[in-house]
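Protein sequence lines, in the order shown, are assigned to chains A and B.
In terms of this note's numbering, the first sequence has 87 at position 87, counting the first letter as 1, and numbering is strictly consecutive.
Just add 271 to wherever you are in the second sequence, counting from 1, and you've got this note's numbering.
Honestly, the hints are just simulated from the structure, not real lab data.
Among these hints, one or two may not hold up.
[Unchecked claim] Here are the simulated BS3-like cross-link-like pairs (lysine-lysine), alpha carbons at most 27 angstroms apart as the crow flies: (1) A:257 to A:267; (2) A:188 to A:259; (3) B:464 to A:188; (4) A:120 to B:464; (5) A:151 to B:464; (6) A:203 to A:188; (7) B:319 to A:151; (8) B:319 to A:122; (9) A:267 to A:203; (10) A:120 to A:201; (11) A:120 to A:151; (12) A:122 to A:201; (13) A:151 to A:203; (14) A:188 to A:120.
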Amino acid sequence: MTKETLAREIRMETEAAGHGAIAIRGVGKSYRTGKTEFQALGNIRLDIAANEFVTIVGPSGCGKSTLLRIVAGLEEASVGEVTVDGVAVVGPGADRGMVFQGYTLFPWLTVRQNIEYGPKLKGVPILERRAVSNRYLRITRLESFANRFPKQLSGGMKQRVAIARALANGPKVLLMDEPFGALDAQTKLEMQEALLDVWAKEKTTVLFITHDIDEAIFLSQRILVMAAGPGRMIGEYQVALPAERTPEVREHPDFLKLKRELASLLKHKEA
Amino acid sequence: MMHAEKGHGARQEAAAGPKAGGGPRAVAGALRKPTRRHRIQIFEDIPKRGFAVTAIVSFLVMLAFWSILSYGNMVSRVFLPTPDRVLHTFFDLLGTQAYWHHIGISVFRVSAGFALACLLAIPIGLIAGTFRFAEAFVEPPMEFIRYMPAVAFIPLIMVWAGIGEWAKILLIFIGCFFQLVLMVASDTRQVSKDLVQASFTLGASRWQAVQTVVIPAVQPRLMNTMRLMLGWAWTYLVVAELVAVNSGLGYAIMKAQRFLNTDQIFVGIIVIGLLGLFSDRIFAFLNRRFFPWV
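Next comes chain B alone, as it looks inside the complex (with noise of 0.2 angstroms):
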């Protein structure tokens, strides 16, 4: 918006100058329409309007080109299904009560899966970030670990746990867990010197400048990663729910393929990119709402 009305003003003011500044010298060429800024501008802002469309527009590309391949029978149908057939089946499977038990449970599972490793990995990342010495100990170990594959884990997650929910919350856990310590223990180093050390001068002790300076500076940083782990936490929830489950979206969408139901498979799909859209504009809310002096 900003922006809109700066390059108007500017626009404005170009078209004024010759007039006005050019006195007797101001010859009739002078006058000539200036040349517009060209839209496309690294890294400026536009008009929020122009955002929206825009968005919009490549959502209808996307359908659009769904709809040539299917409707214009260049994939079988089997494989692709119409658009119109999945949102068909998309309010045929909400309409059934077991549809949205597996999507409370996978709901359930990533929540207590994502709300767990948050629970123990943000203190150690906060600690890690904020004292080198906690950092020393901390980061290479999980550095190492963070590159082993969560999917490899299942195997032995299926020994320590068995097959009951646990064993879905631990690998949901076991995939958030690492990366998380490290992001928050970059966040949380990213939270300027300068004002721990204003809070020393103002008589802090370390421990207040932690309590007072460090957490709230870092929170706002905090959601974002919370926010962006969320996101992984629903993928390791599908591969959670491919093995040894009878319920949950992931469950739902292996049991499609079986049938060679694609369109349930697309609907699964959407399904959780939905939720995953959902809980990402709740962060980016609560960031909003929270966090007003960001």
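Bound-form chain A, shown alone (with noise of 0.2 angstroms):
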């Protein structure tokens, strides 16, 4: 084996086993209002290992979302770099899909329809877009409703729709938006234990977005802390539950004792 095809094959080995890693180096977001600077994100670093669930809580205003659609490219960091897989971020891409709070859906596209639109604009042929809308439908257990219109759907089915819809596109990271926060708060666990489901499926890094600490908790392996002012990190946790979360778990002493910790924290920095 000559030297390149070696380089090339660990290459690609590091490529496949990449799948999502997300480098935040030194981000910094300002904004210019006349004369006065107003500075969203001070410089963020922040390494997220590939099909890890990171969850990023803190109050509004702390630039969470602006850190998270900077990661999607729809929105530019003034300083500072991020890369997914080494390659850094110009823009938004299939690789990152995104489950944004507001209902989002197409709304002259049946859920099928929605789901298939990132293979369709790849021109993925029919018959395996199909298969792949199936597999969708079925994970997210909304088979029943493949022809309906999104505005037939409830808030909950709609960011379930949503997230198919994300998935659909093999993206490596999927970033998460506040997705359940608009949600009434039965259907929000619904949404958490289904979206944990699926994670465990589909194994993709998660980026997830919430001020709902008992949210934050059940969801992630890690858990970092944002404060405002100018937005920056100023916690970071492991979660030391068991992989396979239940609803019981919510009662787990491990997760009281978390969920104080940070309420405290969070009080402590509003204060």
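Got two chains here, each in a separate frame; can you build the complex from them with the hints?
Pasting the structure below:
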């Protein structure tokens, strides 16, 4: 084996293994209004491993959404760089799927057509597309709604479709911007379980934004806490809970302990 | 319909309330009849039948007013013909081939002018609404031109296009085009930016986002705008047909005026109204048919 082919092999292997590793390197964002400059994000550094489920919690206006949108490529960082598997982010792309807080399903497409939107753009032939949408309709338990229009769905169902639509595109990274923020409490819990269920099957990297501490602990492997003025990381916690998260996890002493810690950290910061 | 049912349910509940929940402390006075909610509510829906009945009443009021003025001889019949006279003339005129020819040529002019305006204004409006550079290039001059009265262009149009069919079509075109560009651009700007961003995160290029998000999303509003604009096209038609023509509904109205046949003027106006109503209904139908997802 020549040196060159070996190098290529190694590169291919690391690419295959590095499925959705995010590196945020000194990212900052400032807005200028007239003569005053407002710094929304200061020097953020963060590494997220492939297949990791990381949540960022923080109060409204701490810049967590801005950070997520920079990773998505929907906003440009003023300084610093974001890479996914070593490739710098220069704009939005299919490798970084996103689920928004507001409902962003295409209202003129049925549930199935929404899920097939990404594959269709890529030119995936119709039969394969069908197979993909069938798979994600099944995973998100939406089979019986395949031919409905979004306006005929409840809020929770719409977000399930949005998740299915993002995943059907085979992204390396799933970015979620308070996706369950507009849902009622009961639906929210169901959606959290559904998301973990999907994540267990898909194993993509997830970067999840929320201001709900319970949600953060229940879902993630790692939690980062952000504070405002300028947006920065003020704490990092590994969630030492069993990988299999059942609703009973919420009663677990470690869960409650972490919840207290996070709550006091956030409260402290606000005061 | 929905509201009526809900309102009914709420009334029943209110009626049952004191009986069920009052307990031993309930006194006879608490069982009095609940006061009824007022029928006229801000922004609230009303039953479909109530709407239809009110609409019919509105027409009847107009007709009654007209009848009082004309049958009561409050206005000379030369100026204001009676309703039955207009109805009579209506069927008389519609029985002649010449009148159908007028209708036909007018419909042709409106359709041609309007279609031409749509054909050019919709793509320009879409681009101006989508890209800020295009907006800066297109909109300021359009804003300026649209305040110029289309009617004032008539002498110029006669110089440019003579007095043939093109002159009429051109006037309708000028009347509609500039407004339409601005309205389509405004419709396009109302497309949710979130939807476009969602398409980007699903791998769409800018061109694909325009094709698969902006254009489908704008369509229902576009149809509505076209529907409004068609009404304007009919207005400009009559203006176009008032000068140097010998056919069309506007011409028929002008000719009737010359002989003080006010009943024929009324018929001309009513026919245009009916044509407008008819085309409006077609647009409304197409909207429901093509955009069931709205």
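Checked hints:
Restraint check: the Cα-Cα separation between residue 257 (chain A) and residue 267 (chain A) comes to about 15 angstroms, which is no more than 27 angstroms; the hinted pair holds. Taking the CA atoms of residue 188 (chain A) and residue 259 (chain A), the gap is near 18 angstroms; set against the 27 angstroms cutoff, the hint holds. Restraint check for residue 464 (chain B) and residue 188 (chain A): the C-alpha separation of about 26 angstroms stays at or below 27 angstroms, so the hint holds. About 21 angstroms separates the Cα atoms of residue 120 (chain A) and residue 464 (chain B), which keeps this hinted pair within 27 angstroms; it holds.
Restraint check for residue 151 (chain A) and residue 464 (chain B): the C-alpha separation of about 18 angstroms stays at or below 27 angstroms, so the hint holds. A C-alpha spacing of about 21 angstroms is found between residue 203 (chain A) and residue 188 (chain A), which places the hinted pair at or below 27 angstroms, so the restraint holds. Of the supplied pair hints, the one linking residue 319 (chain B) and residue 151 (chain A) holds, its CA atoms being roughly 23 angstroms apart against a limit of 27 angstroms. Only pairs whose Cα atoms come within 27 angstroms are accepted, and residue 319 (chain B) paired with residue 122 (chain A) is rejected, the gap being roughly 47 angstroms.
This hinted pair does not check out: residue 267 (chain A) and residue 203 (chain A) have alpha carbons roughly 33 angstroms apart, beyond 27 angstroms. Among the hinted pairs, residue 120 (chain A) with residue 201 (chain A) is consistent with the structure: their alpha-carbon atoms are about 23 angstroms apart, no more than 27 angstroms. A distance of roughly 22 angstroms separates the Cα atoms of residue 120 (chain A) and residue 151 (chain A); the hinted pair therefore holds under the 27 angstroms criterion. A distance of roughly 23 angstroms separates the Cα atoms of residue 122 (chain A) and residue 201 (chain A); the hinted pair therefore holds under the 27 angstroms criterion.
Taking the CA atoms of residue 151 (chain A) and residue 203 (chain A), the gap is about 30 angstroms. The hint is violated against a cut of 27 angstroms. Between the alpha carbons of residue 188 (chain A) and residue 120 (chain A) the distance comes to roughly 30 angstroms, so the proposed pair goes past 27 angstroms and is violated.
Consistency note: the structure conflicts with the earlier hints numbered 8, 9, 13, 14.
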